[in-house]
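Asker: Protein sequences appear in the order of chains W and G.
Following my numbering, the numbering of the first sequence begins with 1 at its first residue and continues without gaps.
Following my numbering, the numbering of the second sequence begins with 580 at its first residue and continues without gaps.
In short, the hints are calculated from the structure, not lab data.
Possibly wrong hints are sitting among the right ones.
Claimed, not checked - Stretches of chain G that chain W covers, calculated by requiring three or more beta carbons in the stretch to come under 8 Å of a beta carbon on chain W:
hint, segment
1, 781 to 792
2, 820 to 830
3, 894 to 905
The C-beta atom is built at its ideal place from N, Cα and C for all residues, glycine as well.
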Amino acid sequence: MDADPTPRNGAPLLVPPAANLSLPAAPTWRSLADDPRWYQKAVFYELLPRGFADSNADGIGDLQGIIAKLDYLGWLGVDCIWLLPYYPSPLRDGGYDVADFYSVAPECGTVDDLAQLIEEAHRRGMRVISDLVINHTSDEHPWFKESRASRDNPKADWYVWSDDDQAMSDIRIIFCDTESSNWTWDNARQQFYWHRFFHHQPDLNYENPEVQEAILQVVRFWLGLGLDGFRLDAAAYLYQREGTSGENLPETHAFLQRMRKEIDRDFPNRMLLAEVNQWPADVVDYFGQGDECHMCFHFPLMPRMFMAVRREQRFPITEILAHTPDVPDGAQWGIFLRNHDELTLEMVTDEERDYMYAEYASDPRMRKNLGIRRRLAPLVENNRRVAELLHALLLSLPGSPVLYYGDELLMGDNIYLGDRDGVRTPMQWTPDRNGGFSQADFAQLFLPPSMDPVYGFQAVNVEAGLRDPSSFLHWLQRMLAIRRHYPVFATGEIEILPADNPSVLAYVRIPEEESGETPVLCVNNLSRFAQAAEIGLGRFEGCVPIELVGRTQFPVVGSGGYFLTLGPHGFYWLELEST
Amino acid sequence: MTAPLATSLFDLARTYLERQVWFHRAIAGKPEGELSLVAADVLRHDEPGLARLLVARGSQRFQLLAGWREATAVGGVLKGRESALLGSAPVPGDGTQGVLVYDALADDDLLTRLLALVTEGREHAERVRRVATLVSHASLVFDERLFMKCYRVLEEGERPEVEMMFRLEAAGFAALLQPVARWRGYGCDLAVVREFLPSALEGRLLALTSLRDLLAHASGTDEQGGVGSLGGEIDPDAETASAGGDFSAEMRRLGVMTAGLHAAMSTAFGAQAAEPARVAKIIAAGGSPRLAALGEQIGAAAPESLGASIRVHGDYHLRRVMRAERGWLVAGFGDDPLYASAKPDPSLAPRVGSPIEDLADMCFSLHRVAAEALAQRPASEAEVAADLAAAWERRNCEAFLAGYLRSPEVQVLLPGSSETVELLLTAFGAVRAHRYEATPSAR
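Take these sequences, add in the hints, and give me the full structure.
Answerer: In structure tokens form, the structure reads like this:
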């Protein structure tokens, strides 16, 4: 069932025991259809190569380890794997400080391993995208080493240099916990260099056409290898200019459009997913007129889902949806509950941030920059019903859902680890040594696996989840399977429905007129108490709601309000069949 | 098809009105008198026909919209609403059996045509929904996006709620259900159309949601941490501040919105210095010794020290405001004349007064909602729950006042000293508490 990984460097390949897990019969519907809009219907799964599975017992996860787990991901219902950075890096920012754009970090494998991973994923009907850091490099990247060496070398203008550290002082500092300026003095060159993130991540100078061409060459290289697209890191910051916020500048859009054009021309069916942590009204610009990025993350939605559940009322969600503009044809939002970064609170008001800190990050160690560094399960106090409700929202709101590795198990975090490592601990496969992640000695592991009495690998792991038919893992797998049968979740319009109970969020996903699909009504109880609600379904008078999980028929929709009762944090997905 | 004669319609209308609850409420206590036909305007000749009848009884006018169709067509139209039938009427020169006449508000087709008429063709709708109420007007929702009030019991001149809506809009106040069209005739407001926000909810429901979250802590079995079972001392204020359903941020925003409302009121209707003697009279009219003393204290205030007197909302509470996706909105100005008499003393709610009256109204409304939520908790939790509810009321009232009092646009309307603000809040609050205690069913 598992792939047959080829040993490399002559070393025996040690496939972790979890690779031999007995998986239930894999669904057969998935195929790698020639669909240029596959990303609109895909379920994404974000994983950390160093933290997923270690195939060679060196304590660090690698690409061969991922290959060994592809059947698991296929069974779960994943359509596209998003790989966090695997490039050579000094790892001072989780690999987002790239030291070489053209190879794979030795501890993660080789370029050949990546080609094999892509091939094996494609064979199973899954796609693979990877992070591409285009805004900056590590200060150990050869480009920067050359650039800093003198003011007149061939790469002297590949980064943003200045004699003055007061220039562009209106531009905000993103990593405000650690950086006091966006400029850092370089002794070698006797100038300041510009960086939007850590001081060891100098920004590339996109004013220089050579830089643009160099990055496009990197894009061509990886797409040529077979990757299905990129998640473009920090896409909003490529250009900076005095007197501006240094974000979302027209020049940035122009470059992304150029990248899209080249990809469409030479690499059909590939996609770009932009990481732009901005308000939706600004983010939609990154879709262009359908000629820029295929997908963008919807950052402000995520904290508001948590806020709505905590407040037990729907306005945090409906407000942000009301402020979300329509996207061009062919575009899609990427939505998520948690990811490898902190639960970002940049896109909330100060008041909302105080609220979120008070409710979800009572220990200051849980806070990071403008966010909360916690995994899903601890955020919701390991409440299974809340986790199910949040996933029900994730899978039914407009956008392609992006799952974060381990959240399908309700894995915990380790707030005592530095930076954001607390949410990047090894995947928990089995109750065995190192959670089945690696056969290395514990001390060798790149990060310690969770051994917490509640969330530790002894209790929370894939093997246990697979054995228990009522586990969260099985529940999520079923929900993903159901969602797959209803493309309206992926591409339908959303209409928020009136409900007389503030704790109830009801909306209907409406298919395109000629699709032949039926609308799906989604009703969510955001409260920990049972609720009743009268829902305005007037335009669906005469339809029969059919519950999607059990195919149970509900009473026909009449001319007045439609009454529903929901259990604590309960939800319904109801197909509205015309009679 | 031509229309039945006005006299035929009036004869039918007379009998129909006698059957209506709202008609009897409107004439209750008024001198006896005969019904007379003031005007009959045919608005539509083609089937279904439509006419507007203005009928008077003494000085009170009524509007009745009469529709008609051929007898065979009416059954389907009025199915389930048969009581809307007025009767049959001959059609001049027709020679057939005539038509069946009915209350046009029961005919969906005529209502969508009425919407186009009232909005002068700017708005069209496919569906209409009636909001069932036995009051002085019919409430109609079109396509879940427009709301029409079609008045049955008319008022001479400008209807305050309609006037307020349009004047505030003209003053640039946006936190309002936006007015769309106004239908006037014979010196009266006959109908008004405004936007309808289906997902908006009245403030009271949000407040109750917040209280439910907090008061569950009193049970001791709540999954989010009960306090009732701990047995030790609890800090209701800390408990309230840390509750997930904390409402204070919403109340602060409501305070800011209210400041915008008062600023727009003063722009639209003007402002003058509040007269201490008049304010004192309002306070003292409450009737208790405490209010008399407060009235005396206020009456002795220096001229111009009490801030401005402006057109106020006059009935400002959590049912009058709605939370929508774009924030808090004023949902209505609540002047249904048929319910005015149900208020303990309408003279205590003057339409011109200190803006602080509205603030006292809203704070008292928090008290009422807290009492409503407390009543739903079991007696065994009463003590802890009461402490929590009191803390909730305090916290949210403070947040509301902070949002309002810190808003720059109302500084010119407020008394110069914070002590005077406090005194007026106390006095107006005491008036409301006293009124409530005297007649608990007042609202």
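Asker: The structure should be examined with respect to each hint, and the outcome stated for every one.
Answerer: Comparing the hints with the structure gives:
{"no.": "1", "hint": "781 to 792", "in the structure": "holds (count 6)"}
{"no.": "2", "hint": "820 to 830", "in the structure": "holds (count 5)"}
{"no.": "3", "hint": "894 to 905", "in the structure": "holds (count 3)"}
Of the numbered hints given earlier, the model fails none.
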